[in-house]
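Chemist: Protein chains in written order, with this note's numbering: chain A, 269 to 471; chain B, 269 to 471; chain C, 269 to 471; chain D, 269 to 471.
Honestly, the hints are just simulated from the structure, not real lab data.
Quantities reported herein were computed from a predicted structural model and do not represent experimental measurements.
Every clue listed holds true.
Remember, identical chains collapse to one label, so a pair may be satisfied in a single copy or spanning two.
Derived SDA-like pairs: lysine to any residue, alpha-carbon spacing no greater than 25 Å straight-line:
| hint | residue 1 | residue 2 |
| --- | --- | --- |
| 1 | 312 | 445 |
| 2 | 350 | 452 |
| 3 | 350 | 464 |
| 4 | 312 | 442 |
| 5 | 350 | 453 |
| 6 | 312 | 444 |
| 7 | 350 | 339 |
| 8 | 350 | 459 |
| 9 | 350 | 462 |
| 10 | 299 | 361 |
| 11 | 350 | 455 |
| 12 | 312 | 297 |
| 13 | 423 | 343 |
| 14 | 409 | 340 |
| 15 | 409 | 462 |
| 16 | 299 | 328 |
| 17 | 312 | 300 |
| 18 | 420 | 434 |
| 19 | 299 | 394 |
| 20 | 299 | 357 |
| 21 | 409 | 425 |
| 22 | 350 | 463 |
| 23 | 409 | 463 |
| 24 | 420 | 397 |
| 25 | 350 | 424 |
| 26 | 299 | 379 |
4 protein chains.
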Amino acid sequence: MSVAEKETGRIEAFSDGVFAIAITLLVLDLKVSAPAGSEGLAYKLVGAWPSFVAFLNSFATILVIWINHHNLFNLITRSDCKFMLANGLLLLCVTFLPFPTSLVAEYYGHPGEATAAILYTGTFLMMAFAFNILWRYASYKHQLLGRNVTAKEVKSINRQYLVGPVFYGLAFVLAFVNVSVSLVLTIVLMLFYAATASTSRET
Amino acid sequence: MSVAEKETGRIEAFSDGVFAIAITLLVLDLKVSAPAGSEGLAYKLVGAWPSFVAFLNSFATILVIWINHHNLFNLITRSDCKFMLANGLLLLCVTFLPFPTSLVAEYYGHPGEATAAILYTGTFLMMAFAFNILWRYASYKHQLLGRNVTAKEVKSINRQYLVGPVFYGLAFVLAFVNVSVSLVLTIVLMLFYAATASTSRET
Amino acid sequence: MSVAEKETGRIEAFSDGVFAIAITLLVLDLKVSAPAGSEGLAYKLVGAWPSFVAFLNSFATILVIWINHHNLFNLITRSDCKFMLANGLLLLCVTFLPFPTSLVAEYYGHPGEATAAILYTGTFLMMAFAFNILWRYASYKHQLLGRNVTAKEVKSINRQYLVGPVFYGLAFVLAFVNVSVSLVLTIVLMLFYAATASTSRET
Amino acid sequence: MSVAEKETGRIEAFSDGVFAIAITLLVLDLKVSAPAGSEGLAYKLVGAWPSFVAFLNSFATILVIWINHHNLFNLITRSDCKFMLANGLLLLCVTFLPFPTSLVAEYYGHPGEATAAILYTGTFLMMAFAFNILWRYASYKHQLLGRNVTAKEVKSINRQYLVGPVFYGLAFVLAFVNVSVSLVLTIVLMLFYAATASTSRET
Chain A
269 MSVAEKETGR
279 IEAFSDGVFA
289 IAITLLVLDL
299 KVSAPAGSEG
309 LAYKLVGAWP
319 SFVAFLNSFA
329 TILVIWINHH
339 NLFNLITRSD
349 CKFMLANGLL
359 LLCVTFLPFP
369 TSLVAEYYGH
379 PGEATAAILY
389 TGTFLMMAFA
399 FNILWRYASY
409 KHQLLGRNVT
419 AKEVKSINRQ
429 YLVGPVFYGL
439 AFVLAFVNVS
449 VSLVLTIVLM
459 LFYAATASTS
469 RET
Chain B
269 MSVAEKETGR
279 IEAFSDGVFA
289 IAITLLVLDL
299 KVSAPAGSEG
309 LAYKLVGAWP
319 SFVAFLNSFA
329 TILVIWINHH
339 NLFNLITRSD
349 CKFMLANGLL
359 LLCVTFLPFP
369 TSLVAEYYGH
379 PGEATAAILY
389 TGTFLMMAFA
399 FNILWRYASY
409 KHQLLGRNVT
419 AKEVKSINRQ
429 YLVGPVFYGL
439 AFVLAFVNVS
449 VSLVLTIVLM
459 LFYAATASTS
469 RET
Chain C
269 MSVAEKETGR
279 IEAFSDGVFA
289 IAITLLVLDL
299 KVSAPAGSEG
309 LAYKLVGAWP
319 SFVAFLNSFA
329 TILVIWINHH
339 NLFNLITRSD
349 CKFMLANGLL
359 LLCVTFLPFP
369 TSLVAEYYGH
379 PGEATAAILY
389 TGTFLMMAFA
399 FNILWRYASY
409 KHQLLGRNVT
419 AKEVKSINRQ
429 YLVGPVFYGL
439 AFVLAFVNVS
449 VSLVLTIVLM
459 LFYAATASTS
469 RET
Chain D
269 MSVAEKETGR
279 IEAFSDGVFA
289 IAITLLVLDL
299 KVSAPAGSEG
309 LAYKLVGAWP
319 SFVAFLNSFA
329 TILVIWINHH
339 NLFNLITRSD
349 CKFMLANGLL
359 LLCVTFLPFP
369 TSLVAEYYGH
379 PGEATAAILY
389 TGTFLMMAFA
399 FNILWRYASY
409 KHQLLGRNVT
419 AKEVKSINRQ
429 YLVGPVFYGL
439 AFVLAFVNVS
449 VSLVLTIVLM
459 LFYAATASTS
469 RET
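My request is simple: use the sequences and hints to build the entire structure.
Modeler: This is how it looks when you write it as structure tokens:
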């Protein structure tokens with residue numbers, strides 16, 4: 269391995285570690301109270317459905333981000349410290365995600381749900397920005413890309429990457445108006461990304 | 269390393285991270301109350317035995333799944349995004365496992381233990397399904413397998429992989445009828461997998 | 269990389285993950301109560317000294333185990349599933365360690381401290397046994413060792429590895445008699461291993 | 269890969285694991301109370317601003333340390349057990365960091381904030397010392413450095429590494445006198461390191 273390959277290798281390893289931990293920590297917010305009182309466990313679990321939806325949505329989103337991150341690093345072969353900081357910004361959003369996830373789970377249907385949804389969609393929006401910064405820095409003048417990456421591919425990814433800021437921006441704005449619609453939009457976006465991630469490599 | 273090898277390499281690394289974290293988070297559910305009152309610590313620990321059994325069972329099951337995952341990736345040499353999503357489904361079950369584990373530990377012997385056991389065995393059943401999806405997708409028309417993998421090997425693994433859905437399905441059904449028998453069956457299955465995992469490579 | 273190297277490589281990676289997480293989870297048991305009442309923070313921190321000693325001791329012990337594990341895998345070049353299970357037993361002890369660590373921290377100086385110390389030293393004893401099983405299985409008839417490992421080296425490690433079971437066994441027995449002496453012995457053993465680990469490679 | 273490269277490779281992997289986990293565990297200290305009472309969520313979040321500042325500062329500091337660790341291991345190509353212990357000392361500080369971070373977040377603006385700040389800046393100071401020990405041990409008589417590292421580079425890094433102990437020492441002393449100034453200095457230092465890390469490789 270060349271020094272450069274070792275470099276991106278270690279960034280990938282560190283990022284994978286952060287993704288893996290953040291995705292696993294989400295489970296810590298699934299909690300029901302200890303056995304006591306007359307309320308049955310099944311009833312409690314059903315009542316905690318926003319926790320499960322938030323868990324699934326955040327899990328799937330981090331997974332899709334990881335797949336995209338993975339695909340990106342098939343194109344990027346070099347690294348420098350600014351790039352590492354941009355990657356760090358993305359990781360910051362990923363590690364932060366369990367917090368707004370637990371807020372949405374706890375506050376959905378209670379006063380304060382709008383605030384929780386704003387923070388939740390805002391984190392996704394930040395993530396989309398961070399991903400764009402990462403990619404646009406790496407692809408700027410082709411500085412960190414592999415030789416085999418064509419200008420056409422770069423353009424196609426540029427276009428694809430606009431989806432995130434635009435639609436997560438919409439979800440963010442919707443959170444001020446209608447919490448449920450805003451949260452459903454984040455689920456739709458996650459499904460869209462899962463679908464495009466699974467086809468993008470076959471074209 | 270070829271691009272393909274790098275690809276499966278990173279999937280393995282990410283999966284290993286998730287396995288390692290999920291297996292280690294299980295310990296966070298082992299808790300006894302602070303020193304207070306007349307009840308001795310030994311007494312409390314003995315009273316918490318379902319926690320310890322659940323911890324050991326979940327730990328060993330994740331370990332066995334990891335060994336099987338590891339063996340599988342000795343046969344799989346390529347990857348695509350659908351495969352990554354199938355792998356993500358398996359990881360979802362693995363990261364989710366600490367939650368039903370803690371429910372079983374807390375609710376065993378209390379009203380609600382059937383619900384906890386249904387969720388626990390249901391998670392194992394989902395895991396068995398996810399493993400089958402992963403393998404059957406990878407081995408379908410030999411698309412992601414290495415060249416040295418024979419059709420006979422594929423058939424043998426196909427047969428072996430039926431054990432999971434069938435017997436975890438049985439444990440799941442039993443959870444509605446008799447919680448203890450159902451939970452003991454998951455322990456027996458874990459021991460069976462540990463035993464076959466440790467012999468499979470010697471044939 | 270050959271298949272065999274890839275195999276031990278992934279075992280090391282998974283083990284490193286577990287070591288890294290277990291060593292980092294220890295910090296979660298360091299807690300002082302929120303600001304309230306007249307008791308100062310400095311006073312609370314000083315009163316929590318057993319937590320800090322237990323944290324340091326467990327951290328250093330896992331670190332030393334990791335170094336030894338690392339050194340061991342410089343000698344071991346192949347793997348099979350029984351070996352993976354033996355390694356799993358060691359990892360079980362490592363992931364379990366934060367629990368008795370928190371018990372010792374909480375119960376030291378309270379009734380029940382003997383029970384906590386028995387579980388703590390018992391976990392170390394199990395770890396020493398697991399390490400011996402791992403090594404003796406790998407070195408049995410030289411089956412998993414590299415070609416460059418001499419019979420003399422094997423014998424020397426065999427002897428060295430007796431220290432663990434004997435002295436952690438002693439600490440375990442002492443926990444029934446005198447908790448403080450038993451815990452101090454585990455610290456002395458950790459320092460001994462740190463010292464020998466740091467010289468062993470220079471001879 | 270030679271044995272030596274495998275060695276530093278595994279140290280890097282283990283360290284990356286610890287960095288990744290410590291950086292991700294920080295989020296666990298972000299908590300607001302459950303929906304209850306008349307106090308709004310937005311109000312609670314604003315009131316918890318010291319938690320967010322402490323989270324961001326600790327996150328960014330660990331990220332910068334990771335980048336520096338990463339750069340260091342581009343120069344270091346060999347390892348021995350003393351080096352591993354020195355690296356362990358650095359990791360001890362990193363895993364410990366979430367604890368003083370949560371103390372600062374909780375105690376800022378309350379009696380005891382000086383104690384919290386002393387522990388927080390003291391941890392940074394220890395980290396700076398550990399980094400110096402690691403580097404000075406590795407570069408002593410060039411014993412663990414790669415052949416391509418020049419004496420001039422070593423001298424330049426020696427000088428650069430004095431910044432940490434001096435300025436974190438200052439922050440530590442200031443914590444006894446003025447908590448806010450001391451904490452702001454740690455943020456300034458983090459920004460300084462981020463800035464120098466991102467330029468250092470371009471000269």
